[in-house]
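Asker: Spelled out, the chains give:
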Amino acid sequence: MTDLLTAASRGSRAIRPSGGGSGAFRLLTPAALYYAVFFAIPMLCLFVLSFWRAQGFDLIVDFSLDNYWKIAQSPVYHVLLLRTVVIGFITALIVVPLAFALSYVLHFVLARRGQIVLQLVLLSLFSGYLVRIYAWRTILGKQGLLNSTLMWLGVIDSPLEFLIYSNFATVITLTGLLLPLAVLPIYSSMANISRDHLEVARDLGSRRAHLVRTILVPMALPGIRTASAFAFLLAAGDFVTPSLVGGTQGIMIGNVIADQFRGIGSNWPLGGAIAFVTMALVLVVYFAAMRLIRWVTTW
Amino acid sequence: MNESVRSLLDSKFHQKFSRRRFLQGAAGLATLTVIGAPSRGEAAALGGQLNYFGWDGENGANVAKDFLAKNNIQMQSSFQVSGDEALTRFNTGGRGTLDILTPNKDFQRTILQAGTELFQPLDMARIPNAADLFPAFKQAPWLIKDGKTYGVPLIWGDEPCVYNPKKWDGVPAKYTDFADPKYKGEIVFMDDPFGNTWLFAKSIGVADPSRLTAAQLQQTMEAMLKVKPNIVTIGASFADMADVMVRGDASIGVCGWAYQTLIAKEKGVELKVASPADDGTYYWQDAYAIALDAPHADNAYAFIDFMSSAQSNAAIATELGSGCTNAKAFDLLDPVMQGLYPYDVVRKADGGILNTQIVFPPQQTEGDIVGTQAWIEAWQAFKAA
Amino acid sequence: MKSAVEILGIEKRFGPTVAIEHVDLAIDEGEFLSLLGASGCGKSTLLRIIAGFESPTRGRIKIQGEDVTGWPPHRRPSNIVFQRGALFPHMNVFDNIAYSLRLRKWPRKRIAEKVEEMLALVRLEDLGHRGANELSGGQIQRVALARALAAEPRVLLLDEPLSALDLKLREQMQLELRTIQRQLGATFVFVTHDQTEALVMSDRIAIMNQGHLVQLGTPREIYTRPASVFASAFIGQTNLIRCTVAAVEGSTVTVEIGGQRMPAASPASLSPGEPATLSVRPEAVRVHRIGPEAPFGIDAKVAEIIYLGSSIRIGAAINGDAIVWADLRDEEAEGLTPGMDVRLAWPPTAIVWKETSK
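Chains as they are written, first to last, in this note's numbering: chain C, 1 to 299; chain X, 1 to 385; chain A, 1 to 358.
With the rest of the complex left out, here is chain C (with noise of 0.2 Å):
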């Protein structure tokens, strides 16, 4: 890679720095390029943007923190940015570990077979993200599947309410969506482990629980930590899901962010100082989390 960058660089030679040559360059590859106009850009904007006020119409260029204050002041936001992590959170620790089971069978259970039920997997990511919502909608309903199915073997008698229009099923059906994804990093990342490893300390004498904390989990834990993101960030911040299977419990965050969108009454500078807020709050959640995945997985 050294070589490309020097290569590339031959009539600019004079000017590379001594120590960070190659760090300045990666600055121009596309991906970072990519990530600077489609995500850094924006955000910016928006946080400017989260800083002024909205006046019918118009947008008014100001430098206040009133939409910020009006946050920390209303109880709504902190019910709901409450909400929203818990669910995010609930979410996150179901399907890692479900993602975790799965990539353990996947990589050394099936072994080559694996690979094609994985594909498997994969494949219902295929299958649209709204489908897929409607489809709970179907096993869970009052009259859905899963009821239908209890009734009919006697199990109960009326269906159960709980179990759509609830937090339950926005649990269920977020745990379904993104199990798929949090599959991926953990599956490649048990590349690392090989057979001999997980022998190696089967035969000093570790089993089962002490295994996965002590070798399992520590040498697959970039993929955790990716999978961890995947779940947390996206079960936060997905607000389709909730508004559809959800009920009456199913508002979080991101449906008032998307309401401060609209056109009639819309308050985008609002919008976006909420949607920094969460940010915030999501991301010094999910790093309180890491850490404590670290602690647990040493002495």
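A short, non-exhaustive set of chain C residues, derived as facing chain A with CB atoms under 7 Å:
id: 1; residue: H197
id: 2; residue: E199
id: 3; residue: V200
id: 4; residue: R202
id: 5; residue: D203
id: 6; residue: L204
Cut-off 20 Å, straight-line C-alpha distance, at most; resulting in silico cross-link-like pairs (SDA-like, lysine to any residue):
id: 7; chain 1: C; residue 1: K142; chain 2: X; residue 2: E186
id: 8; chain 1: X; residue 1: K272; chain 2: X; residue 2: G339
id: 9; chain 1: A; residue 1: K105; chain 2: C; residue 2: V296
id: 10; chain 1: X; residue 1: K228; chain 2: X; residue 2: A179
id: 11; chain 1: X; residue 1: K228; chain 2: C; residue 2: F162
Think of the hints as simulated: they come from the structure by calculation, not from any bench. All residues carry an ideal CB built from backbone N, CA and C; glycine is no exception.
On the provided structure of chain C, position chains X and A as indicated by the hints.
Answerer: Only chains X and A this time, still in chain C's reference frame:
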């Protein structure tokens, strides 16, 4: 002519609708195209592109198919998800690229009153078919500013409750009655901060439900909160709401649309519309408008004139399960369609209730009266509670 | 002497494939035993069966008198070292070695002492804090060894632990391993495909071929008295010469090679006229010039001369056909040139077998 169109409409009504079509525009109704008399606007040079940004379905993909083909017009359609999205688009680079818009009456009224730039005044001489509009729509106050007309009404309807007749004989007399425990687990609301609030404000007795003080807004919210334990979920869209009822997860929908009964019918579920006897409901109307700095104004005029003809109007009203705005179109409607809406209202010249009823609050706070922001926040608090 | 490991009638099948057909073997306490064979002979499978990673289709394993067949690896008083070390990369050297001790909940102080002891044993003192992925090949294997020994196993199993190292390092490690084993007095079971390695390190060698035990003996026994053509070919270098049995007198056999006759020894019973294979090691063959002092032997013609550094290898063709190799010292080979007629002589203890014997 009438007979063939009538039978076409007949066969069309008994065809299967699908939710997907509703969501994506009524594509697929291949048998229905209207071969109307050529519009007098054809004299001007037509052809090229025509940009539509409005409600899904009102772009007349089927109704205007032949017309567009004959005049060599390629229609580029994008669909809005809320009544005010056109303004957002206009202000964020859409200006100079938008031709046809479909504002509802309250939105259009608000924009015109605020003097916000969005619509251009129409040269009504280029829309001769507009002469056949019902009296209420001809000189509708919400379309006119400073003597100029800014919109041509297309369809209208109301916002009834939709219910499952197998479970209920009808709806209670007042919206606040929905708080009764017997409705527990049966109600689905529409995610609309303005409609719901208006209806409940009316229900608690406020004279002009679009103008509320902070205290009145609070009381309205409290009335709605009493109903909340009975609510199953809040539908993300009309189609979503219909879906919930079709599945049997709820049996009464508040703030709905007659079109939902047609969606349900095709799924084999019967739903009926009714409004609370004491409170009634509000009416809406959508119109065609042309954006300021529209790049293809000629095509736009021709299109609007064509769609305003009796045949076209009847066809699109039927397609969307709404009321027609052209008086002659009424005679072309199927009896079922004719009975869906209270056409007496629109036969009145002053627009009757369509005029006096305003559903949106003011944009800004006006003295005691709270504005749209307050309504949106109250609705969010309701949802979050 | 009590056996450290008893392998009793072990058979192992993987579906239709037979990995081990039948093995009976007793490993002595404090012994360094090598399982030697080519890939696929079953040596690794046998080791894994002793360790408990595979269960035998038939047979039993006893470690120090206790029947451990069916016991999982962690229960057995044996530990295994793999070819690539398999150190836990997310831990440092200390934690790797201490792994099994922490599992047993040893007190901290005792753990620290033991780890120190192990590091000293493998001569890696001061490397305790090094990350496991910052070590060189030789260091990795030493830490793997220390890790396995820390748990004080009765038997240490080593699955080709030196095969991935380069030659010089390998030879060094061979001696070190041997020293450590002696020092500890522990029983080592060592799997390898390299016969030199086996000869250097082992008290006894068990040669395996296609799921059988071919021969079990000390390095000297195996080398000088191989039990079969296979064994003799596998260990050290040898000439395998096709011949015919001419006469049999007790244990002395006379064979005919290209029309000429030589005496040989035979462990099996042969009959005159039978085709057979004669095995004679290059260093046992003497090359003499034709002349009155030439001893009894076989006439041949020098075909090739190869310089091996510490010796010269002469290839001489008998009747223009089979080539016999002889290893000579520099001065012994002086004057020999290709095409020259010579006489080959070797001791009558060269072994001959039936051609088809394994």
